[in-house]
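Student: All chains, please: the whole structure from these sequences, using the hints.
Number of protein chains: 2
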Amino acid sequence: MIAKTPKPPYYAVIFSSVRTEGDNGYAAMSDRMVELAKQQDGFIGVESARNELGITVSYWRDLDSIRKWKENAEHTVAREKGRRDWYQSFKTRIAKIERDYDFERNSDEQ
Amino acid sequence: MIAKTPKPPYYAVIFSSVRTEGDNGYAAMSDRMVELAKQQDGFIGVESARNELGITVSYWRDLDSIRKWKENAEHTVAREKGRRDWYQSFKTRIAKIERDYDFERNSDEQ
Numbered sequence: 001m002i003a004k005t006p007k008p009p010y011y012a013v014i015f016s017s018v019r020t021e022g023d024n025g026y027a028a029m030s031d032r033m034v035e036l037a038k039q040q041d042g043f044i045g046v047e048s049a050r051n052e053l054g055i056t057v058s059y060w061r062d063l064d065s066i067r068k069w070k071e072n073a074e075h076t077v078a079r080e081k082g083r084r085d086w087y088q089s090f091k092t093r094i095a096k097i098e099r100d101y102d103f104e105r106n107s108d109e110q
Numbered sequence: 001m002i003a004k005t006p007k008p009p010y011y012a013v014i015f016s017s018v019r020t021e022g023d024n025g026y027a028a029m030s031d032r033m034v035e036l037a038k039q040q041d042g043f044i045g046v047e048s049a050r051n052e053l054g055i056t057v058s059y060w061r062d063l064d065s066i067r068k069w070k071e072n073a074e075h076t077v078a079r080e081k082g083r084r085d086w087y088q089s090f091k092t093r094i095a096k097i098e099r100d101y102d103f104e105r106n107s108d109e110q
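Taken in sequence, the protein lines are chains A and B. When we follow full-length UniProt numbering, the leftmost residue of the first sequence carries the number 1, and every step to the right adds one. When we follow full-length UniProt numbering, the leftmost residue of the second sequence carries the number 1, and every step to the right adds one.
Because the hints were derived from the structure by calculation, they are not lab data. Quick caveat: nothing in here was measured; it's all calculated off a predicted structure. Check before you lean on any hint, since a few could be wrong.
A pair holds if it fits inside one copy or across any two, identical chains being indistinguishable in the list.
To be verified - Straight-line C-alpha distance at most 25 Å; calculated BS3-like pairs for lysine-lysine:
{"id": "1", "residue 1": "Lys81", "residue 2": "Lys38"}
{"id": "2", "residue 1": "Lys7", "residue 2": "Lys68"}
{"id": "3", "residue 1": "Lys96", "residue 2": "Lys38"}
{"id": "4", "residue 1": "Lys96", "residue 2": "Lys7"}
{"id": "5", "residue 1": "Lys38", "residue 2": "Lys91"}
{"id": "6", "residue 1": "Lys4", "residue 2": "Lys70"}
{"id": "7", "residue 1": "Lys68", "residue 2": "Lys96"}
{"id": "8", "residue 1": "Lys70", "residue 2": "Lys96"}
{"id": "9", "residue 1": "Lys4", "residue 2": "Lys96"}
{"id": "10", "residue 1": "Lys38", "residue 2": "Lys68"}
{"id": "11", "residue 1": "Lys81", "residue 2": "Lys70"}
Tutor: Take a look at the structure:
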């Protein structure tokens with residue numbers, strides 16, 4: 001759910017997308033990419049939600065681990081399929097997390 | 001949908017949350033907060049999606065405009081209601097967008 005992330009600074013890849021119609025192998029590949037990302041050096045966590053717009057935020061130790069993930073061969077093939085089959089449009093933003101704070105309801109409340 | 005954002009650098013507030021049960025006035029307040037945010041100096045755009053996890057990313061010109069939005073009186077009241085009524089847990093991350101790139105399918109394809 002909410003990714004457990006370390007004290008900043010760390011990095012995020014914010015991937016916002018609008019899908020094409022139909023699955024066309026998307027769901028299986030999406031699951032596979034999460035599994036593969038988790039195995040990468042520097043991967044911290046990932047959060048995802050989708051309605052008409054989908055947002056996936058993956059968290060990384062540094063820019064170098066993001067670069068290596070981008071160059072991963074299987075990920076590169078998946079991105080090519082994304083442009084060809086799965087996405088109407090998308091935007092990828094690389095961000096440095098400078099500060100964070102959180103809230104957790106006490107377990108004795110609702 | 002996908003927010004139109006300027007050439008980096010600019011800033012993002014990544015708000016990841018898990019809701020409590022029931023609406024309890026959440027939907028109306030959420031709409032109101034988007035309307036109010038749009039009126040703030042330095043606001044660029046916002047993207048949202050929710051399944052079990054909700055992710056809202058708002059984009060801002062600089063840290064000062066994020067700070068002023070945080071100090072907005074009506075927003076402060078809404079955040080207090082959020083902690084009291086609407087959220088099981090949340091995490092807010094302040095990030096500097098350093099780089100971005102996008103994809104738009106040609107209108108003659110699917």
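Student: Next step is simple, just say for each hint if it's right about the structure.
Tutor: Hint-by-hint comparison with the structure:
Proximity of Lys81 to Lys38 under the C-alpha cut-off of 25 Å is restricted to the intra-copy arrangement: shortest distance 21 Å within a copy versus 35 Å between copies. Both within a single protomer and between protomers do Lys7 and Lys68 lie at most 25 Å apart by alpha-carbon distance, with minima of 22 Å and 24 Å respectively. In this homomeric assembly, Lys96 and Lys38 come within 25 Å of each other (Cα to Cα) both inside a single copy, at 19 Å, and across copies, at 24 Å. In the homo-oligomer, the alpha carbons of Lys96 and Lys7 lie at most 25 Å apart both inside one protomer (12 Å) and across protomers (16 Å), since each shortest distance falls under that limit.
Proximity of Lys38 to Lys91 under the C-alpha cut-off of 25 Å is found in both arrangements, the shortest distances being 22 Å within a copy and 21 Å between copies. In this homomeric assembly, Lys4 and Lys70 come within 25 Å of each other (Cα to Cα) both inside a single copy, at 22 Å, and across copies, at 23 Å. In this assembly of identical chains, Lys68 and Lys96 lie within 25 Å of each other by CA distance both inside one copy and across copies; the values are 17 Å within and 21 Å between. In this homomeric assembly, Lys70 and Lys96 come within 25 Å of each other (Cα to Cα) both inside a single copy, at 17 Å, and across copies, at 20 Å.
In this assembly of identical chains, the alpha carbons of Lys4 and Lys96 lie at most 25 Å apart whether taken from the same copy (16 Å) or from different copies (20 Å). In the homo-oligomer, the alpha carbons of Lys38 and Lys68 lie at most 25 Å apart inside one protomer (13 Å), although the nearest pairing across protomers, at 37 Å, exceeds that limit. For a Cα distance limit of 25 Å, the shortest separation of Lys81 from Lys70 inside one copy, 14 Å, qualifies, whereas the shortest one across copies, 40 Å, does not.
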